[in-house]
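J.: Here are the chains, one letter per residue:
Protein chains: 2
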Amino acid sequence: MQHLTESSVTERVLERISDCPDPRLKQVMTALIEHLHEFAREVALTPEEWKAGIDFLTAAGHVTDEKRQEFILLSDTLGLSALVDIVQNRSRSGEATESSLLGPFYRRGAPELPLGASIAGDTPGEPILVHGRVRSADGKPLAGALLDVWQAAPNGLYDLQDENQPEMNLRGRFRTDQSGRFRFRSVKPSSYPIPFDGPVGAMLRALGRHPYRPAHIHFIVAAPGYENLITALYIAGDPYLDSDAVFGSRESLVVGYRPGDGKESGAPYREAIEYDFVLAPAAETAAAVSGDHPQTGGRSV
Amino acid sequence: MQHLTESSVTERVLERISDCPDPRLKQVMTALIEHLHEFAREVALTPEEWKAGIDFLTAAGHVTDEKRQEFILLSDTLGLSALVDIVQNRSRSGEATESSLLGPFYRRGAPELPLGASIAGDTPGEPILVHGRVRSADGKPLAGALLDVWQAAPNGLYDLQDENQPEMNLRGRFRTDQSGRFRFRSVKPSSYPIPFDGPVGAMLRALGRHPYRPAHIHFIVAAPGYENLITALYIAGDPYLDSDAVFGSRESLVVGYRPGDGKESGAPYREAIEYDFVLAPAAETAAAVSGDHPQTGGRSV
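Residue numbers (our numbering), protein chains in the order written: chain G, 121 to 421; chain E, 121 to 421.
Hints listed in this document are in silico derivations from the structure and should not be mistaken for laboratory results. Just to be clear, a hint being listed does not mean it is correct.
It does not matter which identical chain is used: a pair holds within one copy or between any two.
[Claimed, not checked] Here are the simulated DMTMM-like cross-link-like pairs (lysine to aspartate or glutamate), alpha carbons at most 20 Å apart as the crow flies:
hint : residue 1 : residue 2
1    : 171       : 142
2    : 146       : 158
3    : 171       : 186
4    : 308       : 242
No experiment lies behind these values; they were computed from the predicted model shown.
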């Protein structure tokens, strides 16, 4: 029986997974164990701090349900989600639109609506038009591309968080026309705090951080033969653009309101957002043509 | 607005906690963020793997309640708990008894019993005597030291896990006599699996690991002016001594059964365990004299 020391305990744990039948799982868990142990050694983590960590995870687990995902908030606020997103797109061409966080509020099954329709229903707010094109990196317009769109209401809440909003409010799916164009109506999004009444909120306060995200509209853009694009457009001038609590904002995704043409589908608006989404060709191994979004898995939140 | 890259995202997150008012929290979170990010970069963690991690933590949170602590099991099975324990005792004298894991089954408030009493009640099993001394590193016997003792029944279950055991079965507190001696009766402990019907069990299976702990008896030994000792005695010959699922067993804590004297408090036994616990002097800043056990915090499990 070997004597256990600060370094030999790591070797012992790694020996124990030497028979792991899945080489990728073994690789991921090896790195996880090494970094977890090195973290504890480096800061000389005390039993009291370890206990605080256990209590934090326990509280996060207990606040998590079908409509609230505290572990995703944790990953988002620690920058892990943004990093996974960037790593995932290591090989994506510089021509393609940058990706941004999916976030915890995506829902499958938003209604497919005709071009020009509004996703805002009766939601009070300043009406806007959102329009543009979907194209490939070499400039080809992509007809029939599917845009899955969602955003928070001007009160900063998604339908999932707000009993005064109807189901699927401010969500919709649109298909581009023959020239690759899309357009829909909505109301201006506003900056909002991520849910901060749980352990992640307590963590942000203890760290001296604010919980705000800059105003944005989420998009998943999918077309056969191209990588799914999970991204969002951020509104120029928002005070939280440079300090997004979840590190989602990107300079290339910032859009300004411009004076609009006045009417769309008979409804008035004064300002418009225009943006062209550029899709990267699907990697040979990717199943992107299915229209399934890997990061969303089977969750409905 | 800075462009985010695989490395700059880490800098951005660390900038965000630059105003953290608590220097130790800042130090711990800085190391945590750096290692978390380096882990994700090193293995190029995919969105699907990230999602599996979120789902794992969510499931662990949902299985955790007053009697089940999946996050402690996770920490234990990844060797983190053992490492924190070793780091905590970096400065402890080599003379003192080695510490071992508290584990998730400690309960406050076990009954204080007279020396020689049994903690096993009517539990079926092979009766044993456990006896020895508590002393300081320089050999001084410690009278009135408090031993908090707990173990699983021969069926491998703690009272908390087994509705057929009375409350506080196989738990007791004993005070050493004037010569620093203690003795109590029990039944032989057996090796047992940690709870493996949850996500940690699934993880162990995927890694090709078994869930067994070698047979052991837990102790917390406390005396005014000395560090609390959280440890356990492991039974010689147990097949899992070298592959404890939670990395708790230590060579210096392995004890064998010896033929016993035959009777204690009028009850027969054939075998006995003898062990002397050696306590380290309390660090000047430690509150060890209070009899409180920091690692247990306020939890009753």
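J.: Hint by hint, note whether the structure agrees.
T.: To see whether the hints hold, each was checked on the structure:
1. 171 x 142: between (32 Å within a copy, 18 Å between copies)
2. 146 x 158: The answer is both: 18 Å in one copy and 17 Å across copies each meet 20 Å.
3. 171 x 186: between (27 Å within a copy, 15 Å between copies)
4. 308 x 242: Result: close within a single copy only, 13 Å intra versus 71 Å inter.
Hint compliance for this structure: no hint is broken.
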